[in-house]
Structures are given as structure tokens and as C-alpha cells.
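Asks: Chain residues, written in single-letter form:
There are 4 protein chains.
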Amino acid sequence: MRYAVPMDMDDSLRKLSAELAHFVDERDWDQFHNPKNLAMALAVEAGELLEHFQWLSEVEAEALSPSTREEVAMEMADVLMFLLRLADRLHVDLIESAGKKLKLNRQKYPVEKARGRATKYDKL
Amino acid sequence: MRYAVPMDMDDSLRKLSAELAHFVDERDWDQFHNPKNLAMALAVEAGELLEHFQWLSEVEAEALSPSTREEVAMEMADVLMFLLRLADRLHVDLIESAGKKLKLNRQKYPVEKARGRATKYDKL
Amino acid sequence: MRYAVPMDMDDSLRKLSAELAHFVDERDWDQFHNPKNLAMALAVEAGELLEHFQWLSEVEAEALSPSTREEVAMEMADVLMFLLRLADRLHVDLIESAGKKLKLNRQKYPVEKARGRATKYDKL
Amino acid sequence: MRYAVPMDMDDSLRKLSAELAHFVDERDWDQFHNPKNLAMALAVEAGELLEHFQWLSEVEAEALSPSTREEVAMEMADVLMFLLRLADRLHVDLIESAGKKLKLNRQKYPVEKARGRATKYDKL
Numbered sequence: 021m022r023y024a025v026p027m028d029m030d031d032s033l034r035k036l037s038a039e040l041a042h043f044v045d046e047r048d049w050d051q052f053h054n055p056k057n058l059a060m061a062l063a064v065e066a067g068e069l070l071e072h073f074q075w076l077s078e079v080e081a082e083a084l085s086p087s088t089r090e091e092v093a094m095e096m097a098d099v100l101m102f103l104l105r106l107a108d109r110l111h112v113d114l115i116e117s118a119g120k121k122l123k124l125n126r127q128k129y130p131v132e133k134a135r136g137r138a139t140k141y142d143k144l
Numbered sequence: 021m022r023y024a025v026p027m028d029m030d031d032s033l034r035k036l037s038a039e040l041a042h043f044v045d046e047r048d049w050d051q052f053h054n055p056k057n058l059a060m061a062l063a064v065e066a067g068e069l070l071e072h073f074q075w076l077s078e079v080e081a082e083a084l085s086p087s088t089r090e091e092v093a094m095e096m097a098d099v100l101m102f103l104l105r106l107a108d109r110l111h112v113d114l115i116e117s118a119g120k121k122l123k124l125n126r127q128k129y130p131v132e133k134a135r136g137r138a139t140k141y142d143k144l
Numbered sequence: 021m022r023y024a025v026p027m028d029m030d031d032s033l034r035k036l037s038a039e040l041a042h043f044v045d046e047r048d049w050d051q052f053h054n055p056k057n058l059a060m061a062l063a064v065e066a067g068e069l070l071e072h073f074q075w076l077s078e079v080e081a082e083a084l085s086p087s088t089r090e091e092v093a094m095e096m097a098d099v100l101m102f103l104l105r106l107a108d109r110l111h112v113d114l115i116e117s118a119g120k121k122l123k124l125n126r127q128k129y130p131v132e133k134a135r136g137r138a139t140k141y142d143k144l
Numbered sequence: 021m022r023y024a025v026p027m028d029m030d031d032s033l034r035k036l037s038a039e040l041a042h043f044v045d046e047r048d049w050d051q052f053h054n055p056k057n058l059a060m061a062l063a064v065e066a067g068e069l070l071e072h073f074q075w076l077s078e079v080e081a082e083a084l085s086p087s088t089r090e091e092v093a094m095e096m097a098d099v100l101m102f103l104l105r106l107a108d109r110l111h112v113d114l115i116e117s118a119g120k121k122l123k124l125n126r127q128k129y130p131v132e133k134a135r136g137r138a139t140k141y142d143k144l
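Those sequence lines, one after another, are chains L, S, H and U.
First residue of the first sequence: 21, per the numbering used here; consecutive thereafter.
First residue of the second sequence: 21, per the numbering used here; consecutive thereafter.
First residue of the third sequence: 21, per the numbering used here; consecutive thereafter.
First residue of the fourth sequence: 21, per the numbering used here; consecutive thereafter.
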């Protein structure tokens, strides 16, 4: 098996990532999980997530029925799982990358300029 | 502040989610972060991730330059962050949902039938 | 009915656009077809199109079975139809816009620099 | 040159498709324009289109500034152009396919059942 054993198995994301690697390994699906295909699969799931919201008003989207909410949660799970697979294949540490990006965003969107505005940083 | 303090702050995903909620709260961006908009933002980031791979061969996509790999990691971070925001707004536990979906996938794709095949479950 | 009658009904795109407007009008769906929702619906259909290709090798994607090719054609039709709806709602002339964008692309990608290269214009 | 000359050059879509084929041919880009890559490129452009609407309210999305509307039109042009390229590569007649899909939609969404409702056909 080609996956390194994650060190901290108490961590929820690492644990899920290891379970996924095992699931894929058992099915010999690693041959399909190259980065290009995984990026596509993630976009496909993002589209399926989007589908649930396309005709809803903002108010309706805030008040999903329990069954729709569950369907939405399952699409979100798919997005997360392909993201973890891609991270695995590219040896990207997602949490570290998110920390880095959040730091960049703090610089691009200083509180005093960005407060209450959805304007993109290059137009702030 | 409307976000409940996550209990286990040693967990990497919970910690990131709390940091994000704080980042959004400081900027008063919660007004834009309704579920419909967040699902759109997630799909937009999935598209930006995809863009890095669109003209690459499978072989090239396996061997990204360090700078491209870093750009890809930053897009992946964006996807993760909007996914966490959406989970926050919909009160979805991402890890629990992924565990549930993975269990469903084990049933939909039994090892003996799915091994080495990328066929969708309804055509297996 | 709020749609202007297109002038040249021999033109295939104008004809389709008028048929679509009629289809929507009969069902009183214009209330859902605001630009934001239509942009989402278009992205959803682009994701469904993508799904057909996600696990295929380049070679397999060039040699679709007749039934898959037909499914792909139906997804492409969906993309076109939401694009026409959006153009209708935003009063955008798609053909004129494409002509303009193609002219811009000729400038951004001069033949002598771009020949045989998939590099983005800002890195050419 | 591998593209058949379209017959009816008065037709706006055929004319654009031929101009695009020429643009690609001059740059020797056909090697990148396989169906898999084109489906990805189309999804990327759909994401860029979506980006313009992600933080807008429905009302704001109906009243785009002239400059935003022009940017949106250029993204719509990109979607159309990759759709035409894909149609070219897969030998799909877009107008014929859309006519076929519209006919199917008339059956799936009969006026009396679908009027004023955004419900998906399988839940009507």
C-alpha cells in the first residue's frame, strides 16, 4: 500500500483520509485517482451540491427540509472526500494550506477596509 | 458572536472552522455567507482548481512544478474553507457526514464487483 | 409576453432562443430564471457534462459509445439552453459577444507566440 | 485542415464555429482540444461566469453595471466557444440536440403540472 500511515490518528481529518485511502486501495481505484481526474470529480460534486440551491430563494435556502439538508450533507461529504484524495495524491497538507491562505486573506482583506463589503480585494 | 465554540480544539478541522468563523465575524461577512452564496463560492473555487489541470496531460498533472503545486494547494484551501463555512451555516458535521457517505459507498461499490472498474454503481 | 420577437427567424440560434422563451413563458418559470439562478443552472449542467468524462482516459473520451455520446449531447444542449436564457435575461447578444471575445483572443494569443502551446496569455 | 466547411454560412452559429476552428487550427491547438479537456475548459468558464454573481442579491444580479455586464458577456462568450469546440470534436449538432432536449422537456414538464413550480420532474 502506497499511503504513508498518518501519525495522529485522533485527528478527524487524518483519520478520514486514511479510511478513504484504504477504501480506494481495496478497490484498486488508485489508477483512476490521478490529480486531473480528481480535480474533475471534485468539480462534478460541487455542481451536484449547487443543484440543490439553484432555484431556491435565499430564504428557502436557509430553511432546507430535513431530507434536503441530508442530501446536501452527502454532497458536501463527496466534495470533502475528493479534496482529501487530491491532497493525498499531491502530498498537500490541507490544514496547513488553509492556514496559509487564511493568513493571506487577512492581508488582502484588512478588517477596516473589508468590513461589510463583498468587494474583491483588487477592487477594495 | 453567533458561532458556538467547538469543543475539541485539538482537532485540526474544528480549529480551522473556528478561525474562519472569527475571520468572517470580524469583517461582518456573515450577511453574504448564506447557504446559496456559499455553495456558489465553493463551485467557483472548484472551477479555479480545475483550471490548473485543463490543458495538462495526465502525466504532466502528476508532475506539477513547485509553484503550480502551491497555487493548486491554495485553491484546495479555498474549497475547504467554503465547505467549512457552508457546514457551519447548515449545522452539518462534515466528518460524520463523510463517515456516513463512505459507509454507503462501501455498500454501493462492493470490493468484488467494483475492483479495478470506474463504472458508476447503477451500471455495475 | 415579455420577449421581443427575434427578427431573423431563419437563424438557428435565434429560433431556438424564441422557442425556449415560449417554453418558459407557458410554464410561468420566468420568476425562477433570474440571472443569478441561471448562472447556477448553467454551472450545474457543465458539471453534469464533466461527469461523463471524469474517469475516462483521453483515448476513451475520443471514442464514446453511441449511447454515451447521446447523453453527452443532451448535457451540451442543457448548457446551450441556459446560456440562451441568461443571454435573453441580460440582453446579451451571444454571437456578437463571441465575435468580440474571439477578436480579443487573437490579440492575446498571436499565432507566432501561441502556436503549439497551451500557456495562458499572461505567461506567454 | 481537418474541419469540414459548414454548409450554411449565413447561420450565425455555424459561422462562429468555423471561425473558431480556423483560430484553433492557426495556433495548432487541436492537440489540446480533446473532448475531456474541452469539457473541463467549459466548466472552468462556467465557474468564472458564476463568480460574478456569487455575492450579489437577486436584485443586484438583475441590475448589473454596464462594465460588469460586459465582463459577464465575455464569460458567456467563452462558454459558448468551448461548447462549439466540443460539438465540433464530438460531431454533435448543437441545435438539433437542443431541439431534441426541448421536446423531451415538454414531456417531462407538462404545462398543467409544471406551471409556476421549480420542482424537478421526478418529484412533480
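If you are wondering where the hints come from, they were derived from the structure by calculation, not from laboratory data.
A few of these clues could be false.
One copy or two, it doesn't matter: identical chains are merged, so the pair holds either way.
Listed next, the in silico DSS-like pairs over lysine-lysine satisfying Cα-Cα at most 25 Å (straight line) [stated by the list, open to error]:
#1 Lys140 / Lys123
#2 Lys143 / Lys121
#3 Lys120 / Lys35
#4 Lys35 / Lys143
Asks: Can you give me the call for Lys140 and Lys123, within, between, both or neither, at a CA distance of at most 25 Å?
Replies: within (16 Å within a copy, 27 Å between copies)
Asks: Is it within, between, both or neither when you check Lys143 against Lys121 at 25 Å Cα-Cα?
Replies: This pair counts as both: shortest intra-copy Cα distance 19 Å, inter-copy 23 Å.
Asks: My question is about Lys35 and Lys143: at a cut-off of 25 Å on alpha-carbon distance, are they close within one copy, between copies, both, or neither?
Replies: neither (41 Å within a copy, 30 Å between copies)
Asks: Tell me, please, which holds for Lys120 and Lys35 at an alpha-carbon limit of 25 Å: within, between, both or neither?
Replies: Both. Shortest intra-copy (22 Å) and inter-copy (14 Å) distances satisfy the 25 Å Cα cut-off.
In summary, the one numbered hint that this structure violates is 4.
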